[in-house]
Amino acid sequence: DAGVIQSPRHEVTEMGQEVTLRCKPISGHNSLFWYRQTMMRGLELLIYFNNNVPIDDSGMPEDRFSAKMPNASFSTLKIQPSEPRDSAVYFCASRDRADGYTFGSGTRLTVV
Amino acid sequence: AQTVTQSQPEMSVQEAETVTLSCTYDTSESDYYLFWYKQPPSRQMILVIRQEAYKQQNATENRFSVNFQKAAKSFSLKISDSQLGDAAMYFCAYRSLGANSKLTFGKGITLSVRP
Numbered sequence: 001d002a003g004v005i006q007s008p009r010h011e012v013t014e015m016g017q018e019v020t021l022r023c024k025p026i027s028g029h030n031s032l033f034w035y036r037q038t039m040m041r042g043l044e045l046l047i048y049f050n051n052n053v054p055i056d057d058s059g060m061p062e063d064r065f066s067a068k069m070p071n072a073s074f075s076t077l078k079i080q081p082s083e084p085r086d087s088a089v090y091f092c093a094s095r096d097r098a099d100g101y102t103f104g105s106g107t108r109l110t111v112v
Numbered sequence: 001a002q003t004v005t006q007s008q009p010e011m012s013v014q015e016a017e018t019v020t021l022s023c024t025y026d027t028s029e030s031d032y033y034l035f036w037y038k039q040p041p042s043r044q045m046i047l048v049i050r051q052e053a054y055k056q057q058n059a060t061e062n063r064f065s066v067n068f069q070k071a072a073k074s075f076s077l078k079i080s081d082s083q084l085g086d087a088a089m090y091f092c093a094y095r096s097l098g099a100n101s102k103l104t105f106g107k108g109i110t111l112s113v114r115p
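From first to last, the protein sequence lines are chains X and A. For the first sequence, my numbering assigns the number 1 to the initial residue and increments by one for each residue that follows. For the second sequence, my numbering assigns the number 1 to the initial residue and increments by one for each residue that follows.
Chain X on its own, in the form it takes in the complex:
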């Protein structure tokens, strides 16, 4: 198994541009989580899905952020328009039925 796959690994974009982060969870895992990591705030949960359904999006900072999970093997996190304060490492994680979490390698986003 290749683990949780995130793309891109690095993204540099200009303020105001749309950014889309992608995640492929481990096959058979039924929960998917998006986290954001910054020096100031640590690891924050943005949103998570169970069986492709969003369960809790209270961590999404504002309307500029949206996440989708159209099927069990793919999820996206979109920021539009992006701002410099969105610069962070974004992690995707999936969880199996035995409560084992696996994290992706993260996407480092820099908004200039």
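Hint data in this document are derived by calculation from the structure and do not stem from the laboratory. Hints are supplied without guarantee of correctness; some may be wrong.
[As the list claims (entries may be wrong)] Taking lysine to any residue pairs in the SDA-like style, the calculated list, with each CA pair at most 20 Å apart, reads: (1) Lys107(A) with Tyr101(X); (2) Lys107(A) with Leu45(X); (3) Lys107(A) with Leu46(X); (4) Lys107(A) with Met39(X); (5) Lys24(X) with Arg43(A); (6) Lys107(A) with Thr38(X).
[What the hints assert, rightly or not] Covered by chain A, according to a simulated footprint, are these stretches of chain X (three or more residues, beta-carbon under 8 Å): (7) 36 to 49; (8) 87 to 99.
Bear in mind that the values here come from a model prediction, so they are computed numbers and not experimental data. C-beta: ideal position from N, C-alpha, C; glycine also.
Starting from the known structure of chain X, fit chain A onto it as the hints suggest.
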């Protein structure tokens, strides 16, 4: 809401020595899970150890062990015989039981290992 506190931002240990990383949490639940994750410079989040709150016995994984004090809501990680490869950020995390529960992390501690 549950909170996880790691009050030490940084620690340093001499190679081959023992170090303890502190973590406290706040919850009104009686049963839950606690975790320690390691994040090396590669950014990968690696599970180090896991503790179920209903188990009184402290979890151990080779050189890693925990001191779980449920009444005090304390969950510290002890690393014995520290190695250079142990240098990383370490995160303490909490999770409730239930299918819709989520991992809540502390802010992490940066551990350096002196050769």
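Chain A covers the stretch 87 to 99 of chain X, three or more CB atoms within 8 Å, holds or violated: holds (count 4)
20 Å Cα cutoff - pair Lys107(A), Met39(X): holds (8 Å)
Pair hint outcome, Lys107(A) versus Tyr101(X) [Cα-Cα no greater than 20 Å]: With Cα atoms ~19 Å apart, Lys107(A) and Tyr101(X) stay inside 20 Å; holds.
Straight-line alpha-carbon gap Lys107(A) to Leu45(X), limit 20 Å: Status holds; Cα separation ~13 Å.
Agreement of Lys107(A) and Thr38(X) with the hint, judged by alpha carbon distance not exceeding 20 Å: holds (9 Å)
Pairwise hint evaluation, Leu46(X) against Lys107(A), where the allowed Cα distance is 20 Å at most: holds (16 Å)
Verdict on chain A covering the stretch 36 to 49 of chain X, criterion of 3 CB contacts below 8 Å: Since 5 is at least three, the answer is holds.
Hinted pair Lys24(X) and Arg43(A), Cα distance within 20 Å: holds (18 Å)
The earlier numbered hints are all upheld by this structure, with none contradicted.
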